[in-house]
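Taking the hints into account, I'd like the entire structure generated from these sequences.
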Amino acid sequence: MTMSKFSIFTKGLVKENPTFVLLLGLCPTLATTTSAVNGLSMGLATMFVLVLSNMAISLVASYTPDKVHIPVYIVVIATFVTLLQFLMQAYTPDIYATLGLFIPLIVVNCIVLGRAEAFASKNGVLDSALDGIGIGIGFTLALTVLGLVREILGSGSAFGWKLLPGDGMLAFVMAPGAFLCLGYLMVLFNKFLKKE
Amino acid sequence: MEYLLIIVSAIFVNNIMLAQFLGTCPFIGVSSKLSTATGMSGAVCFVITLATLVTYLLNTYLLVPLGLEFLQTIAFILVIASLVQMVEIVLKKISPSLYQALGIFLPLITTNCAVLGVAINVVTKEFSFGSGVPHMLNLGESIVYAFATSLGYGLAMVLFAGLREHLALNEVPKAFKGVPIALITVGILAMAFMGFQGLV
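Protein chains in written order, with the numbering used here: chain A, 1 to 196; chain B, 1 to 200.
Errors might be hidden in some of the hints.
Cut-off 20 Å, straight-line C-alpha distance, at most; resulting in silico cross-link-like pairs (DMTMM-like, lysine to aspartate or glutamate) [said to hold, decoys possible]: (1) 125(B) / 69(B); (2) 177(B) / 165(B); (3) 125(B) / 16(A); (4) 122(A) / 66(A); (5) 67(A) / 88(B); (6) 177(B) / 16(A); (7) 191(A) / 171(B); (8) 194(A) / 16(A).
These stretches of chain A come out as covered by chain B in the derived footprint (C-beta under 8 Å, 3 or more residues) [as the list claims (entries may be wrong)]: (9) 108-122; (10) 180-191.
Keep in mind the hints are simulated off the structure, nothing from the lab. Keep in mind that this is a model prediction, so the values were computed, not measured. Just so it is clear, CB atoms sit at the ideal spot from N, CA and C, and this is done for glycine as well.
As structure tokens, this is what we get:
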């Protein structure tokens, strides 16, 4: 079962899209997509952790006793999340404040642990990095699209640019809108992009 | 009075699932049957309360005095992971019937972000209930908050599982089948819970 480097990279975009197909990491997907920019930053933050932890785990996997592999992976992931927290506090404090709790919660994002377990522990460093980048971009895309839809409906703007007059429908920025938008986006995804 | 406000606020107004989106994956994953939803709620309730107690003490008496708050993420997730393992072992020994009921859900709870989320929230965020001034929670309040939050999670989960059992019997368009229609249902449920806003 050898996949070409290219397909390892591209499968995360549509075929194994973490949000729409694998249904992983729904909490940050719903919570941080109040605007397109927030969705995009959350996606990139997750991708940072995903790529680095995938690479580190593919290196240590063969030395890790099977019984303790989950705790080991979690510590590796938590280390990169802490690193990310430092970096964001230093360089992008505004985004860090907006995303708040959901940055430390990347530790328990099932995408990261899921990829570690399903891919990185069985593949080489380069492949694992590509897998992380592909899945990361798929996740970022999904979050940005969801954020964009909610921002347009909820506040009448896109990436902060005012598109529609008025304030928009507040419900879409709040919790119910998150579930509804993701639900309908998933329907569209199933209808047009998913291959049986 | 204060405790009552915390409880009402955590269960209805700021429901952890329907307003804060914590713990969505298991929520969608195990809520297709009422019995598994109840089991999962019970296990979450147990672990959130216990984990909050332990992480609160760890934070107050170890991390803060040593100035190591930046280790919160790593320390808390390790505590939660080992706690879950311990609960599993203890439960297996003491109450096999409870273990039977909660057993398969316990390993899943480590990666339930509701647990880590509540633990981190309690030690980093200021809360205000009613007209009270925002303040950090003390130990008693933290425990009550954690327990009430998990009850709210259970309530949302059980309500939703009930809906979903009916949903399974109905014809829905193919593209809506499974998770999409479930998400749309949660959206409507969340809208109903928005009615509680301003209550506390």
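Each hint tested on the structure:
no., hint, in the structure
1, 125(B) / 69(B), "holds, 14 Å"
2, 177(B) / 165(B), "holds, 13 Å"
3, 125(B) / 16(A), "violated, 36 Å"
4, 122(A) / 66(A), "holds, 13 Å"
5, 67(A) / 88(B), "holds, 16 Å"
6, 177(B) / 16(A), "holds, 18 Å"
7, 191(A) / 171(B), "holds, 17 Å"
8, 194(A) / 16(A), "holds, 10 Å"
9, 108-122, "holds (count 4)"
10, 180-191, "holds (count 9)"
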